[in-house]
Amino acid sequence: MGVGLGVTNQKGKFSLAVDKTNDCLVLEMPYQGRNYLSLLIALPTKDDGLGQLETKLSADILQSWDTGLKSREVIVLLPKFKLETTFQLKEVLKRMGMPDAFDEDRANFEGISGDRELHISAVIHKAFVDVNEEGSEAAAATAVEMRRRWGCAPPSEREKPILFRADKRKKTIRPTCNV
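Position 167, counted from 1, in the sequence shown is what UniProt numbering calls 167; the numbers after and before it change by one each time, with no gaps.
Note that these hints are calculated values from the structure, not bench results. Keep in mind that this is a model prediction, so the values were computed, not measured. Errors might be hidden in some of the hints.
Claimed, not checked - Using 30 Å as the maximum straight-line C-alpha spacing, the simulated DSSO-like pairs for lysine-lysine come out as follows:
hint, residue 1, residue 2
1, K13, K46
2, K11, K80
3, K70, K90
4, K126, K82
5, K56, K80
6, K70, K56
7, K56, K82
8, K56, K126
9, K94, K13
10, K46, K80
11, K46, K94
12, K70, K80
13, K94, K20
14, K13, K80
15, K94, K80
16, K46, K56
17, K11, K70
18, K56, K20
19, K126, K90
20, K94, K126
21, K11, K82
22, K90, K13
23, K70, K13
24, K90, K46
25, K20, K90
26, K46, K70
27, K70, K94
Produce the complete structure using the sequences and hints provided.
Next comes the structure, spelled out in structure tokens:
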């Protein structure tokens with residue numbers, strides 16, 4: 001899901017490359033608080049150039065952009081946007097060669113649990129990118145859900161009803177849940 005939020009205007013030193021072969025400008029914007037990650041933006045110089053650029057895009061072109069980036073004083077006008085997405089990775093990982101990890105009879109996570117009862121039931125990846133007047137921010141997280149072969153753990157003395165409350169700091173809502 002993406003949300004358009006207006007235009008951002010930034011003046012400063014950014015890495016920029018001019019790719020005449022592929023008719024585009026390439027801008028690198030560092031992510032806030034992370035000097036090891038950046039957002040790479042390719043702006044086609046022709047109004048109808050995005051489709052052509054997408055079809056030509058390759059690892060070699062990306063590498064040439066990296067080597068061609070030079071720090072320059074520029075004014076950057078970009079649309080503000082925030083993109084959020086969620087990927088269910090179970091089928092992708094199966095096709096990539098991990099089908100046994102999802103099969104309750106063939107999975108072997110003995111090194112994690114000490115027995116062979118665990119298998120992966122879901123892998124979910126969430127990511128977002130936010131471009132605004134302060135720069136660019138991004139985050140991602142992946143969750144792996146594992147289950148026992150028969151769906152739940154054997155009963156134990158600890159499995160008794162509990163009462164818990166999730167509290168907001170402003171104390172305006174007091175949700176309570178019995179389990």
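Just to be careful, I want the Cα atoms of K70 and K80 compared with a cutoff of 30 Å; is the pair within it? Given pair K70, K80 holds - Cα atoms ~24 Å apart, limit 30 Å.
Need the status of pair K90, K13: alpha-carbon distance at most 30 Å? 42 Å, violated
Check whether the Cα positions of K56 and K126 lie no farther apart than 30 Å. 28 Å, holds
Hint consistency between K56 and K82 [alpha-carbon to alpha-carbon, up to 30 Å]: 26 Å, holds
Please verify whether K126 and K90 have alpha carbons no more than 30 Å apart. Status holds; Cα separation ~14 Å.
Hint check: K56 vs K20, CA-CA at most 30 Å. Holds or violated? 13 Å, holds
Between the alpha carbons of K70 and K90, is the straight-line distance 30 Å or under? It is violated: about 40 Å lies between the C-alpha atoms, which goes past 30 Å.
Taking 30 Å as the top limit, are the C-alpha atoms of K94 and K20 close enough? 41 Å, violated
Within a Cα-Cα threshold of 30 Å, do K94 and K80 meet the stated pairing? 36 Å, violated
K56 paired with K80 [C-alpha distance capped at 30 Å]: Holds, because 26 Å separates the two Cα atoms, which is no more than 30 Å.
Given pair status - K82, K126, alpha carbons within 30 Å: 13 Å, holds
Given the hint that K46 pairs with K70, test it: the Cα-Cα distance must not exceed 30 Å. Within the cut-off at roughly 22 Å; holds.
Hints 3, 9, 11, 13, 15, 22, 24, 25 and 27 from the earlier list are contradicted by this structure; the remaining hints agree with it.
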